[in-house]
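Q: Below are the chains, spelled out letter by letter.
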Amino acid sequence: MKDLSQHILDIANNSIRAGATLIQISIAEEPEKDLYTLIIEDNGRGIPKDKIEQVCDPFYTSRTTRKVGLGIPLLKLNAERTGGWFSLTSEEGKGTTVKAVFKHKSVDRPAIGDISGTLSIVAATDPKIDLVYIHTNQSNEYIFDSRTIKRELGDILLSNPKIMRFIDEMISENLESINYTK
Amino acid sequence: MAKVKSLADLRKMKEELQSKVHLREKADNPESLVQVKVGMGTSGIASGAKEVFNYLVDELEKRNIEAIVTQTGDMGYSYAEPTIEVTMPGSEPVVYGYVDVKKADEIIEKHIKHGDWVDGIIPANYRTIEDNK
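As given, the protein sequences belong to chains A and B, one line each in that order. Counting from -1, one number per residue, gives the positions in the first sequence under my numbering. Counting from 35, one number per residue, gives the positions in the second sequence under my numbering.
Keep in mind that the hints were calculated from the coordinates and are not lab data. Hints may be right or wrong, so weigh each one.
[To be verified] Heads up, incomplete: computed chain B residues facing chain A, CB under 10 Å, no partners named:
id : residue
1  : Leu41
2  : Asp43
3  : Met47
4  : Gln52
5  : Gly75
6  : Thr76
7  : Ile79
8  : Asp92
9  : Thr106
Glycine is no exception: its CB is placed at the ideal position from the N, C-alpha and C atoms.
So here's chain B without its partners, still in its complex pose (with noise of 0.2 Å):
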């Protein structure tokens, strides 16, 4: 059977790591980096979130953007799941509705490469019934 990986592997990532993470990369300065945020509650991963998850993880690496991708909870627009709060650094967060894997490919490209919004936002004044009680 192959070998089963462990902290020693870890370990050895670490260090590969160390030599190339940038420094903004770490823990104390993220409001420098792009963050992506993907909403993961209940209707969230019925329609598919943690797929869009994973290919903005791949790609953002592979198309060498620095940016944290996280996951969060319901984010209140369940009639447009998935959803995903992109911020880019110094500016507030954008939210996008109806997000698959072609729309996030689009969001890469336009909105974190070169800050053109796309279609899609969910505005942010957006209220529901609930809230407006």
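Isolated chain A (complex conformation) (with noise of 0.2 Å):
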């Protein structure tokens, strides 16, 4: 994974896969705390209890759940060789929360990468699936929700290739706005 987009919509990926309808995900930016904060939140399934631990590891994984590969090692990695952490919380039924610390000042911590492209391709994934994304750099904060723009559009879809260009140029726009970190 080049960026930290990439590890966006590969754990994304395991919410859809997961069957969630709501996928949230959130960067908090407390340079002043030395901390960089990642989380994507879903409503799908879970993972019942005694797989969590599993899904952690890079060995168990490969072929026989499908579910959860390599991309979960692959963010806990990136997270800890940062002086960060990682944790990941499910509940059979309820969805799936990972959550990725960072530090911020280290020079281990990925960039952010094409954040606007990768979330405007996961918001037209399918009509059925919502996403919000939640950027807070200090005071300041951005929020994307898909369900705001689907109420705007009516019936035209966000796989249409003029509006999903839109919303990379939206959330690009109000990110550069905010003075996010890339």
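Taking the hints as your guide, dock the two standalone chains into a single complex.
A: Given below as structure tokens:
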């Protein structure tokens, strides 16, 4: 994974595979505390208690459980490499929350990458799946909510290429306006 | 600083689109359109699926082909990423492996425009060892 946006796409696809209809992704930048926190929450079917340990283990998963592969161990590794930490909580029937905390100042903290393009792709995956993205940079905040967009659009799909590009640009411009860290 | 796009801009754009958008492009009837799914599981992402995705969206639009391009998780062909699944209206899906921008161009020109399959198809009856257990 080259950057954070690729991790996000990857983990969001676990959520989609788990039947989630709502995915909430948040990034909180707290340079004053030297923290950079990514949280991905979904309302999918969740992971059974006895499997939670295993999804973080790259050697266990590979083939028999196709639901989670190398994606989670890679994110965990990247967070821990910066001096940060990782957690995964899940409740069957309720959903899963993945949290990766990076040290903001660490040179090993991955760049955010093409977050706006990634979100526009995830939001367009399926009309039944909604996506909320919250980015806070100290006291500034930007919230993207695909439900608001869908209400505006009516029967035009988010997978329409012009809409996808619009969403990409809208998110990117708004993130620029809160001076997000790239 | 340049003006930041807002929902008001989206509304304007919607009106423009509605005058152009073909009825078929609407949600109730996706089967009547060419559908392309790009595999974006861990291995797909790592091997450049996003570039292929962006290329397909841009090129299909440029070439005036009404199609829906979406992403999907791992399709189970991790050895052949990036993989894409092409479904022509009224046909069974066809999966291509090792798709780069050049391959994607060939798939648009031959498969999507003329219905001629090109090299690189992963047979539908392909089974991994695990599937046979």
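Q: Now tell me if each hint is right for this structure.
A: Here's how the hints hold up against the structure:
| no. | hint | verdict |
| --- | --- | --- |
| 1 | Leu41 | 6 Å, holds |
| 2 | Asp43 | 7 Å, holds |
| 3 | Met47 | 6 Å, holds |
| 4 | Gln52 | 7 Å, holds |
| 5 | Gly75 | 6 Å, holds |
| 6 | Thr76 | 4 Å, holds |
| 7 | Ile79 | 5 Å, holds |
| 8 | Asp92 | 7 Å, holds |
| 9 | Thr106 | 7 Å, holds |
Every hint from the earlier list agrees with this structure, and none is contradicted.
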